[in-house]
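There are 2 protein chains.
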Amino acid sequence: MRVKLTIAYEGTNYCGWQIQKNAVTVEQKVEEACRKLFSREIKLIGASRTDTGVHALGQVVVFEVETSIPVDRIPYAINAQLPNDIVVRDAIVVEDDFHPRYNAMNKTYEYRIHNADFPLPQNNRYCYFYHKKLDIIKMREAAGYFVGKHDFKAFCSAGSSVKTTVREIYMCEISYEDEVIVIRINGNGFLYNMVRIIAGTLIEIGTGKRYPDDIIDIINSKDRSKAGVTAPAKGLTLININY
Amino acid sequence: MRVKLTIAYEGTNYCGWQIQKNAVTVEQKVEEACRKLFSREIKLIGASRTDTGVHALGQVVVFEVETSIPVDRIPYAINAQLPNDIVVRDAIVVEDDFHPRYNAMNKTYEYRIHNADFPLPQNNRYCYFYHKKLDIIKMREAAGYFVGKHDFKAFCSAGSSVKTTVREIYMCEISYEDEVIVIRINGNGFLYNMVRIIAGTLIEIGTGKRYPDDIIDIINSKDRSKAGVTAPAKGLTLININY
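Order-wise, the sequence lines are chains W and Z. Going by our numbering, the first sequence opens with residue 1075, and the numbers climb by one from there. Going by our numbering, the second sequence opens with residue 1075, and the numbers climb by one from there.
Keep in mind that the hints were calculated from the coordinates and are not lab data. Where hints are given, some of them may not hold.
Each pair may be met inside one copy or between any two copies, as identical chains are not told apart.
Said to hold, decoys possible - Derived pair list, reagent style DSS-like, types lysine-lysine, alpha-carbon separation capped at 30 Å:
#1 1300 with 1227
#2 1206 with 1110
#3 1206 with 1103
#4 1300 with 1212
#5 1296 with 1227
#6 1212 with 1227
The whole structure should be built from the sequences, with the hints applied where relevant.
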C-alpha cells in the first residue's frame, strides 16, 4: 500500500529535508525510522525540499510498504523511532498514483519576525529577530501586490532549474501579536527561497527603505538583484499542503 | 540608584529562579552578569520565585548600583553577559523604597496545554502535552469559579509558610488555538504551586473526571488532597507583574 505521512519538525538541528552525504537531514531520520520499523529499505518521496534550518508543521511524504500495522498506528510506531524534534502527525493510505508534489493544490508557509528591542528566548527558534521598528501597515499594503499569477523570477535564488518561474499566490497576509509579525502566504507553488526573499523584501518595506508599490516593479524586472535580501531560514515554517 | 529590570527566560535548563547551592538558577546567572558588568557584588531582589522548569516573560528584579551607564543601555550591557535563554527586556530607575514583591498590584500567569494526538516540536518547551481530548467549554465554566477573593489553601502545595492563604483572582480565562489550550490567570498573588494545581484540576474537569462546580467544594474544603494534581512546570509562564 501507499502511505502518506504528515510530518512536523524543528529544522534547527538539520541540514534541511533532503538526504545528503555528510550531513544530517530530516529525510534521513525519517527513512532510518521507517527502516527500523518495517525491517527493510523504505524510499520516501517528499513534497517540499525545505532548506537548512527551515521548520515544518505539515511536510508530506509518501512511501510504499506492505505491513500488518494498521495505518492509524503507523505514526505512533514511527515516532517511537524518531528524535523529539521530528514528529509524524498523521498517516493515511492513498491511491497508487498519488504524488506529494504533483498532486499538491496549494501550500501555506509562515515567516515569523520578532520585532522588538530585545530578543526573547520564547521566540529564538522560530522567529527571525529584527530590532528596527517595522511599519506593518506598509508591509500589508505591499503584501497585496504578491497576490495573483505572476512571473516570480525576481524572487528566485540562483541554483534552481525549474521550467517556469510563473506561480500563483492566493493569499499573502500579515498579522501581529505579542511583538511577532507573521507573514502567511498561500500559493500553488513556490520557487527556490521565494518566501524568504518575499520576507526580506517586506522587511525592507517595513523599515521605509522601499515603498509598497515597488513590489510591482520588482516583479516586472524579473531580476533577482532588484528584490530584497533572503531572510534567515529560522523564521520560515511550512504550515500545510492541500491536495 | 535603584534599578528595576524586567526579565524573560526559558526555564528548561534552570533549577528555578532563586539561588541555591549546587544548582544553576536564573538569579545566579543574572547576578553573575551584573557582577561582571558593574565589577562588584550586586544583590538582587526578585518578585517571583519561579520553580524549576517554569518560564518567564516578565520576571521583575530590583538592585542598587552606582553606575555611569545610562539606564536605557543597562539591558544591552547585561544581556551581553547572559546566555541566550535569559534576556533583560527593560530597565528603569525606581524609588528607593520600591519593592518588587510588596509593591506588586497583580500578576498574570499562563499555563499552556498542547492537546492533540501527537506532540509537536514547536510546542515541546512551553506546553504540557496532553493527548486525551479536553472539553474546553467545561474548563471555561470551571475557570469562572476561581474568580474572586477566596481561601486557596486547597490549591497550595506543602512547604509554604505564608501568613494567609487568601488571594483574590481577577481573571481566569481559557483560550484555544492551533491545538493549544491557554489558561490565563491574573490575581493579587499566588500561593506555592497554585497555578499548576489550578491547571491540573482544570485538566481533570476537561477529561470529565470532575464537574465544573466541583471547584466550589474544593475551595471550601481548604484541603490540598481534594484538588487535582500539580501540572508539570514546563507549561507555566510568568507573563507580567503590574505595579
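Taking the hints in turn, this is what the structure says about them:
Taking the closest pair of Cα atoms, residue 1300 and residue 1227 come within 30 Å of each other only inside a single copy of the chain (11 Å); across copies the shortest separation is 65 Å, beyond that limit. When the C-alpha separation of residue 1206 and residue 1110 is checked against a cutoff of 30 Å, the pair qualifies only between copies, where the shortest distance is 28 Å, while the shortest distance within a copy is 48 Å. Proximity of residue 1206 and residue 1103 under a CA criterion of 30 Å is satisfied inter-copy only: 28 Å between copies versus 38 Å inside one chain copy. In this homomeric assembly, residue 1300 and residue 1212 come within 30 Å of each other (Cα to Cα) only inside a single copy, at 19 Å, whereas the closest approach across copies is 55 Å.
In this assembly of identical chains, the alpha carbons of residue 1296 and residue 1227 lie at most 30 Å apart only when taken from the same copy (5 Å versus 68 Å across copies). In this assembly of identical chains, the alpha carbons of residue 1212 and residue 1227 lie at most 30 Å apart only when taken from the same copy (23 Å versus 52 Å across copies).
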